[in-house]
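Student: Listed in order, the protein sequences are those of chains F and B. Numbers 1 to 457, taken from my numbering, label the letters of the first sequence in order. Numbers 1 to 457, taken from my numbering, label the letters of the second sequence in order.
Incorrect hints may appear among the rest.
The list treats identical chains as one, so a pair stands whether inside a single copy or across any two.
What the hints assert, rightly or not - SDA-like mimics (lysine to any residue), calculated; alpha carbons at most 25 Å apart, straight line:
1) K441 <-> E389
2) K441 <-> A161
3) K155 <-> E300
4) K155 <-> P384
5) K441 <-> R238
6) K441 <-> R309
7) K155 <-> V331
8) K441 <-> L102
9) K441 <-> P24
10) K441 <-> D383
11) K441 <-> E217
12) K155 <-> L102
13) K155 <-> A245
14) K155 <-> G15
15) K155 <-> A311
16) K155 <-> R95
17) K441 <-> Q428
18) K441 <-> H361
19) K155 <-> R12
Hints listed in this document are in silico derivations from the structure and should not be mistaken for laboratory results.
2 protein chains.
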Amino acid sequence: VSPPGTAEELRRRLGAEVVLPDVPARYLSDATESRALRGTADAVALPRSTAEVADVLRACCDLGVPVVPRGGGTGFSGGCVPDGGVVLGLERMSRVVSFEPLLWRMRVDAGVTTSTVRRLARESGLLFPPDPGAGEQSQLGGNVATNAGGPHAFKYGVTRAWVTGLEVVVPPGETIRLGGDTRKDVAGLDLLGLLVGSEGTLGVVTSVWLRLVPAPEAALPVIALYPDAEAGCAAVERLLGYGLAVSALEFLDAATMELAGGGLPVDAPAGPAFALIAEADGTEAAAAALRDEVEDCCREDALLVHSPRSAADVAALWRWREGVSLAVEAVRGGKVSEDVDVPVERLGELLAAMEAIGSRHDLRTCNWGHAGDGNVHATFLVDPGDPAELERAEHAAGDLFAAALELGGTISGEHGIGLVKLPHRERQFSPAERALQERVKRAFDPGWLLNPGKKLA
Amino acid sequence: VSPPGTAEELRRRLGAEVVLPDVPARYLSDATESRALRGTADAVALPRSTAEVADVLRACCDLGVPVVPRGGGTGFSGGCVPDGGVVLGLERMSRVVSFEPLLWRMRVDAGVTTSTVRRLARESGLLFPPDPGAGEQSQLGGNVATNAGGPHAFKYGVTRAWVTGLEVVVPPGETIRLGGDTRKDVAGLDLLGLLVGSEGTLGVVTSVWLRLVPAPEAALPVIALYPDAEAGCAAVERLLGYGLAVSALEFLDAATMELAGGGLPVDAPAGPAFALIAEADGTEAAAAALRDEVEDCCREDALLVHSPRSAADVAALWRWREGVSLAVEAVRGGKVSEDVDVPVERLGELLAAMEAIGSRHDLRTCNWGHAGDGNVHATFLVDPGDPAELERAEHAAGDLFAAALELGGTISGEHGIGLVKLPHRERQFSPAERALQERVKRAFDPGWLLNPGKKLA
Chain F
1 VSPPGTAEEL RRRLGAEVVL PDVPARYLSD ATESRALRGT ADAVALPRST
51 AEVADVLRAC CDLGVPVVPR GGGTGFSGGC VPDGGVVLGL ERMSRVVSFE
101 PLLWRMRVDA GVTTSTVRRL ARESGLLFPP DPGAGEQSQL GGNVATNAGG
151 PHAFKYGVTR AWVTGLEVVV PPGETIRLGG DTRKDVAGLD LLGLLVGSEG
201 TLGVVTSVWL RLVPAPEAAL PVIALYPDAE AGCAAVERLL GYGLAVSALE
251 FLDAATMELA GGGLPVDAPA GPAFALIAEA DGTEAAAAAL RDEVEDCCRE
301 DALLVHSPRS AADVAALWRW REGVSLAVEA VRGGKVSEDV DVPVERLGEL
351 LAAMEAIGSR HDLRTCNWGH AGDGNVHATF LVDPGDPAEL ERAEHAAGDL
401 FAAALELGGT ISGEHGIGLV KLPHRERQFS PAERALQERV KRAFDPGWLL
451 NPGKKLA
Chain B
1 VSPPGTAEEL RRRLGAEVVL PDVPARYLSD ATESRALRGT ADAVALPRST
51 AEVADVLRAC CDLGVPVVPR GGGTGFSGGC VPDGGVVLGL ERMSRVVSFE
101 PLLWRMRVDA GVTTSTVRRL ARESGLLFPP DPGAGEQSQL GGNVATNAGG
151 PHAFKYGVTR AWVTGLEVVV PPGETIRLGG DTRKDVAGLD LLGLLVGSEG
201 TLGVVTSVWL RLVPAPEAAL PVIALYPDAE AGCAAVERLL GYGLAVSALE
251 FLDAATMELA GGGLPVDAPA GPAFALIAEA DGTEAAAAAL RDEVEDCCRE
301 DALLVHSPRS AADVAALWRW REGVSLAVEA VRGGKVSEDV DVPVERLGEL
351 LAAMEAIGSR HDLRTCNWGH AGDGNVHATF LVDPGDPAEL ERAEHAAGDL
401 FAAALELGGT ISGEHGIGLV KLPHRERQFS PAERALQERV KRAFDPGWLL
451 NPGKKLA
């Protein structure tokens, strides 16, 4: 809890240009609003430079006030929902510091949106592969803080793989730089990698050095529909077993297709179906050859195998896929949507477990996600105005985490622990492992002021 | 310094099967023997299981004895050269625990060699990309401890990108598991990534979960020779600027070619030349198309552009490339060979700096490495029996590190800090950055018993 008069004191020290006169509601929630999460804060600081970020951190460390770093606010784990203290928004640090397309590099400040980076890269024939969704809102600083993934992480890896440098402000207000334009660096302990995915608990990322790759000439998706999850999961394993190196391998179960399939830009047969989307990329010829192999491999037991041929149809398919989360949320006004990850061959078992968990807690469920990575957005539909249902969903999520761990998985493949999974963290980590993480946290933040109550207990 | 009678006490506690009766000389040095480095040890322990590794660590922590983990001993930074204490060799832990080719996964114990993993993968149509060299000797545990790279890291990334899980023994003898068969996991702080590249200072890696990818159908190298470094470096930038996504982009300067070029399986014109090797991989057709583009792009200013066509010729080229380090070493019996990394467009400036540094210290120099990654094996030839020359080489290495940092680079892109770069570490890291690394070290190893005097001061 912050001392009284915190906002005034911060405004006095940092100026009214940095500390807002009040606390606008939009800084108190993130995408977990769909499960009725909303915090409180003493103040909102919107620094315009790394020096101002350092000023904010220094003042807060001096006053003993918690700091909650905030990017685009698109997270699903409540990672930037404050519980008092100062919300430190990076949105004003939205400068593309440098872009060197001939050297496959870009440096951006933390508040630049994911789609800005992807668009700039694309316009120069390059690719920034991470595509976690909500690209117009999500910011690179937040992508780094959560080690964001997305459909194409299957081939290209998560955000960590594309970051070569970070500028970070650490308590009590020191600016450090980890890496930079070099593509390889093993001189220190990998603090850069440690910062990635640390959910704002170790430092405030202010600037990010990215590496890029030449964009593949073509990216050709195939969508296949199956009568049930068993047939769909068998097709996933078949694609892997045949050695088909697709760039994305997504799934949507029949319940998701029933809720969100209406907008699918494909003539699909009526009735519930389990969908796979596999994308082949590379040169025009290589992508087309792989696409044909993928089609062949998908055909066994399929109700439909379809490959959109025009660029517009391809874009429409991915736009629809991107909209699935919102479409599902719209059904009842809210959802509790998790992101467990299991070894890919356990996917079918996880989906079966979700069905049982939904029945047990009297909740409607649906699942979609990154099949090739075993990463499931396991979802319980809720009415955010119904506290009893929300509580049932929290219990159901606990059962889901237990099931994922039982199958050799993790409670989080993408969203992080944030606020919402904190009570479940000890299911995954032994006391010794938790103690080790907490000692590492204290090495950065001895006063435990950076995003307290998130990621680590 | 260990207490007297340490070896006897360890043998009493751990048994004569685990603790050798004496200290064979081969456990006292690594590839830095070429610069006359050799350590001392009280005992050598060769555990056969994770439980025995934990026993060794527990006994050493109890007795306050330093532990120096050791893989294949192929490192170039003295990372496993002991200064007293116990050498903990992982060589008996050489079990391939599981290999699931249809799921693109392998789990191996720490003592399995790199070439075993690569060969097994290849026999099933898969690729384990890291190829740091000395594959018959180097072990996966050591690859992890150094975050090993190699030529194909340019396209495929370093070891970190291929490790999904680690079993690690940490002080005072606790076994923890980080990750596993899942391909994505953001539930904890990324301690797995932190262990990778930590050079045995945080824990002893006992088992490694790897992900693999389908092997490309074809990998087609092009070798090009240039009259000087300027023309060669221009070709590197041209390849990038044209967006040619090669899998490896190597260089060898004229001095290296003069020393090691004799065995080059190519009809080359007489006289000194700067060499590039760029490899195109993918489907047969895509690789061939890219190879042709690479050839065209390389032709400007080239003395020769040649593409070996048969599989045997391709293998011969890479075998020759792999042998360059030993061929260079053979010239005078020793070398001080570093591994600085700079932004790729600064490569030419680094090579010019090396020439000046060699003249200044009266040392013969040569350079080769991973041009696309800006990673240079900057080398001073020495007679390991000449202490004055060795001392000049150490000073010269210091000047090299200063030059690399001046160009926005790092003092280590591949080998790590180990023993030999420790005096130079403060050139790269500010006091605050060093203090942060040291606090993280203490979070794992409060008694500072794991590989003391390496990586961190």
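Student: A separate judgement is required for each hint: does it hold in the structure or not?
Tutor: For each hint, the structure was consulted:
no.: 1; hint: K441 <-> E389; in the structure: neither (35 Å within a copy, 45 Å between copies)
no.: 2; hint: K441 <-> A161; in the structure: both (23 Å within a copy, 24 Å between copies)
no.: 3; hint: K155 <-> E300; in the structure: within (24 Å within a copy, 34 Å between copies)
no.: 4; hint: K155 <-> P384; in the structure: neither (36 Å within a copy, 46 Å between copies)
no.: 5; hint: K441 <-> R238; in the structure: neither (42 Å within a copy, 44 Å between copies)
no.: 6; hint: K441 <-> R309; in the structure: neither (50 Å within a copy, 54 Å between copies)
no.: 7; hint: K155 <-> V331; in the structure: neither (32 Å within a copy, 43 Å between copies)
no.: 8; hint: K441 <-> L102; in the structure: neither (38 Å within a copy, 39 Å between copies)
no.: 9; hint: K441 <-> P24; in the structure: neither (30 Å within a copy, 41 Å between copies)
no.: 10; hint: K441 <-> D383; in the structure: neither (36 Å within a copy, 47 Å between copies)
no.: 11; hint: K441 <-> E217; in the structure: neither (43 Å within a copy, 45 Å between copies)
no.: 12; hint: K155 <-> L102; in the structure: both (23 Å within a copy, 16 Å between copies)
no.: 13; hint: K155 <-> A245; in the structure: both (7 Å within a copy, 15 Å between copies)
no.: 14; hint: K155 <-> G15; in the structure: neither (46 Å within a copy, 47 Å between copies)
no.: 15; hint: K155 <-> A311; in the structure: within (21 Å within a copy, 27 Å between copies)
no.: 16; hint: K155 <-> R95; in the structure: neither (29 Å within a copy, 28 Å between copies)
no.: 17; hint: K441 <-> Q428; in the structure: both (18 Å within a copy, 24 Å between copies)
no.: 18; hint: K441 <-> H361; in the structure: neither (36 Å within a copy, 45 Å between copies)
no.: 19; hint: K155 <-> R12; in the structure: neither (50 Å within a copy, 51 Å between copies)
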